[in-house]
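Can you make the complete structure from the sequences, with help from the hints?
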Amino acid sequence: MRFSELLRQLSSADPCCARWLAADPELGGAGALHRAGQGQLSFLEPGNRMVRHLDRCQAAALLLPRNPALQQQVQRRNIAWAALADPRLGFAEALELLCPEPIAQPGIDPAAHIHPSARLGGGVSIAAGASIGAGCRLAEGVVVHPGVVLYDDVTVGADSVLHANAVIHRRSQLGRCCVIGSNTVLGSEGFGFIPTAGGWRKMPQTGCVVLEDGVEVGCNSAIDRPAVGETRIGAGTKIDNLVQIAHGVEVGRGCAFAAQVGVAGGAVIGNGVILAGQVGVNNRTRVGDGVIASSKTGIQTDVEPGQMVSGFPVMPHKAWLRSMAALTGLPRLNRAVRRLERRLEQDTVR
Amino acid sequence: MRFSELLRQLSSADPCCARWLAADPELGGAGALHRAGQGQLSFLEPGNRMVRHLDRCQAAALLLPRNPALQQQVQRRNIAWAALADPRLGFAEALELLCPEPIAQPGIDPAAHIHPSARLGGGVSIAAGASIGAGCRLAEGVVVHPGVVLYDDVTVGADSVLHANAVIHRRSQLGRCCVIGSNTVLGSEGFGFIPTAGGWRKMPQTGCVVLEDGVEVGCNSAIDRPAVGETRIGAGTKIDNLVQIAHGVEVGRGCAFAAQVGVAGGAVIGNGVILAGQVGVNNRTRVGDGVIASSKTGIQTDVEPGQMVSGFPVMPHKAWLRSMAALTGLPRLNRAVRRLERRLEQDTVR
Amino acid sequence: MRFSELLRQLSSADPCCARWLAADPELGGAGALHRAGQGQLSFLEPGNRMVRHLDRCQAAALLLPRNPALQQQVQRRNIAWAALADPRLGFAEALELLCPEPIAQPGIDPAAHIHPSARLGGGVSIAAGASIGAGCRLAEGVVVHPGVVLYDDVTVGADSVLHANAVIHRRSQLGRCCVIGSNTVLGSEGFGFIPTAGGWRKMPQTGCVVLEDGVEVGCNSAIDRPAVGETRIGAGTKIDNLVQIAHGVEVGRGCAFAAQVGVAGGAVIGNGVILAGQVGVNNRTRVGDGVIASSKTGIQTDVEPGQMVSGFPVMPHKAWLRSMAALTGLPRLNRAVRRLERRLEQDTVR
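Residue numbers (my numbering), protein chains in the order written: chain A, 2 to 351; chain B, 2 to 351; chain C, 2 to 351.
Keep in mind that the hints were calculated from the coordinates and are not lab data.
Since the structure is predicted, the reported quantities are computational estimates derived from the model, not experimental observations.
Don't take each hint at face value.
Note that identical chains are pooled: a pair holds if it fits in a single copy or bridges any two copies.
[Said to hold, decoys possible] Calculated pairs, SDA-like style, for lysine to any residue (alpha carbon to alpha carbon, straight line, at most 25 Å):
hint : residue 1 : residue 2
1    : K203      : E46
2    : K203      : I115
3    : K203      : G267
4    : K319      : Q301
5    : K203      : R177
6    : K203      : V162
7    : K203      : R285
8    : K203      : R172
9    : K319      : D303
10   : K203      : D25
11   : K203      : E231
12   : K319      : Q72
13   : K203      : H114
The structure is reproduced here in structure tokens:
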């Protein structure tokens, strides 16, 4: 595809405001700025430190921010470019055009195991070795990869994709356009046990898991069902690999949880919350809308909306930076205090 | 089921000491106190902050603690109630009566792959797509969900349940009434490598994993086998999702490990130990009976029995609370010491 | 096998420098020093605290370090022994002789699902329920256990082993002699989303995952593919269970990552790096050759080669030890400073 043609197909949401077409290169792929080779497209964001690679960039064409100095620098290297308000977004759209994902063929493999009471919408794709339990309902266009297991009475909304070996336990409800990663488990039994004289006694977990539209979950994650009621993930929330969402958690819309996050039972997470890698959220904690927690944060108390937090125990990010700077100086501080004490001791003796 | 009938079926271990039956409601389900609707049962524990929802509770019947004031408050709302020594335990029993789990039908699906040398007890249930290796022995009543893989020579005790896509490696031994969550792996090769001039050299992992009776493991967890001997999990121990138990670990009876706990090779954990989410235990560390570790604790040294510990490095919970309180005050402390130093400097100059 | 015969078969890289053959016992297995029983081999390393069990050791034969005092102590107990430069390495070799792993039988199970366009080398073993996608190429001797799923266009080098229910996404490239643990996922979509007014917008992940020769990955781990280019794991690197390697990460040769490590997108890890359990590495961070990070370290800034680091924020291990020692003394330090302040206050008042 020619660069000029690709630019014409980019979303009207972000029309290119300027462009320079050198020889209007034919594009055969895409790459990172320092890796892109002949015939490849790349991009640069405002303020990105990749800019240091620009003078050796081998790409055929670049999506740039609205920055005339950068544009001239690129032009001098004879690289075609276009300037966008959001070059990363444009690159995402370009990738879909240049490297389209393969589309699963509709159809039901004869080696899939489908209970006769399951109801399948038009155009569903079910691969060999998948198991669909009694009473399941899959809407049109759902894709089920090999080895996926749906227990009974699972519902999956239109155009959702279930990757290989994912397991969805009974009565889970998935909305439209959800993506469930390989080996992820939804709707499994919450970890609820009551201490008794005879040992741990299971609290039956009779609730279910609900994923609203557009939720995506990575690989090897787990979302448990509660004793009663629902564990609910709000529309458009994205969850990475190896994440634990315990029973009865409520997650709002448009959140993003990075890998190895753990959210304990009954926590309530607002809308637009971002949790970085290895963050933990305690039982029944409330995290307000728009909170951002940096990696490894341990949220053991409620966090007000809009805060950026860090550390364990959790604190405002700036306070954490100050505490951590002070922490490394702690041995020195100790010595200073001992010096002061000796000094005053001598004063007293005198 | 009528509330009165349900109360008659609760365990004699905790008979209701008082009750008030309004109109003896017919119960059709159960819910959390603030969510329960018409015809639903709920419960309240002593000291639980859910009590604030009591005045708007819509449940038809409640299991309460032995607290006359609460009972009168509920009665005024015309909600039937019964008072129990342990209302949560009563609710667990009630859930089993009101929302019974479906029981797997005995039988072997023709699409299961079973080695002819495997021995299967009466009433086992083996689903489509499961693989049972050579020499495996499944006792009566074992349930094997779709996609489960048993390598050779695995033994599974009576009435154990293996959820979908779980993998049990060779020579693992599971006791009676164990529950293994979806996508969990037992008996995999321990992470044992020896540094040599030619790179990492594998230490063969020839041991096995043993789960005693009543052990439950959540989803996407892993319990490795050791080079020699056993990795052993004591009877009645419950393990949550995404937990790592390394090779050669010994875990006692009646422990509870929350999600994302990691226990490194050769650690020895006593009986009744509770590890909260994201706790780590170092190689060969010994953790005494009854120890409780709060979330994210890093246990890198032995812990005496009965302690409640926190932090990393691990310390008594109260010491950790004090240290953390002091940590947030550290920048202020730094400034105070600098003030003192300047002050004494001036004194000296004068 | 007789002990003398076993010694003859140990690698010439580490010939035993001395030995004492009592009655040249017949060996039927192996065990840890404090557990080994009659007819079993065990070993002891220099400086290992297992030495305290030596006086009660029941093993039939021991591999010892070059330490005459130890050798005499063992001889007094009438246990046969041999002294090696690296007794652990010798034990590893001995285990392979005494407890050989079963070898997968070559052949393709009729219940495997193999796309007709896949190309299979000689001697491959593909179990029931495995799925091999279009265009996959498996070299000679590859072993595919039950339930493994290969998406399209995956290549697997000779003698690699894919354990049960592992999932390899499209275009992943595995070298020779790789081992992929059960339920591990390779080549899944990286967690790349762009914030827009309409919510998170997916960055297409069109790259692939490359594992060089001899890479081993444990169970329930995930290695994601990037938007463009590769996620690459260097030759001989060993990765434990429940590890997350995000999109675009580069890992060098001969590294070892323990369980529950998480490496965020675009990080660059050198050769021979050791990350202990639950370590996290931030986006785009660079970790130099030979770095060792202790458990739970949070590497949020670049680390120079050869350092031993700890803590979060990351610092040199010795600085961390000092800071942590000071941390537990912090409440006391606080009190000392308050005493000093009061003291100077009184001085001023006087």
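Checked hints:
Proximity of K203 and E46 under a CA criterion of 25 Å is satisfied inter-copy only: 17 Å between copies versus 52 Å inside one chain copy. Neither within a single protomer nor between protomers do K203 and I115 lie at most 25 Å apart by alpha-carbon distance, with minima of 31 Å and 31 Å respectively. In this assembly of identical chains, the alpha carbons of K203 and G267 lie at most 25 Å apart only when taken from the same copy (17 Å versus 29 Å across copies). For the identical chains of this complex, K319 and Q301 are neighbours both inside a copy (18 Å) and across copies (16 Å), given an alpha-carbon limit of 25 Å.
Proximity of K203 and R177 under a CA criterion of 25 Å is satisfied inter-copy only: 16 Å between copies versus 33 Å inside one chain copy. Only between protomers do K203 and V162 lie at most 25 Å apart by alpha-carbon distance; the minimum there is 14 Å, versus 33 Å within a single protomer. For the homomeric pair K203 and R285, the shortest alpha-carbon distance inside one copy (20 Å) is at most 25 Å, but the shortest distance between copies (31 Å) is not. With identical chains, the CA atoms of K203 and R172 are at most 25 Å apart within one copy only, with a shortest distance of 20 Å there and 28 Å across copies.
In this homomeric assembly, K319 and D303 come within 25 Å of each other (Cα to Cα) both inside a single copy, at 18 Å, and across copies, at 21 Å. Taking CA atoms no more than 25 Å apart as the test, K203 paired with D25 passes in neither setting, with 67 Å inside one copy and 27 Å between copies. For the homomeric pair K203 and E231, the shortest alpha-carbon distance inside one copy (18 Å) is at most 25 Å, but the shortest distance between copies (27 Å) is not. In this homomeric assembly, K319 and Q72 never come within 25 Å of each other (Cα to Cα): the closest approach is 36 Å inside a single copy and 48 Å across copies.
In this homomeric assembly, K203 and H114 never come within 25 Å of each other (Cα to Cα): the closest approach is 31 Å inside a single copy and 32 Å across copies.
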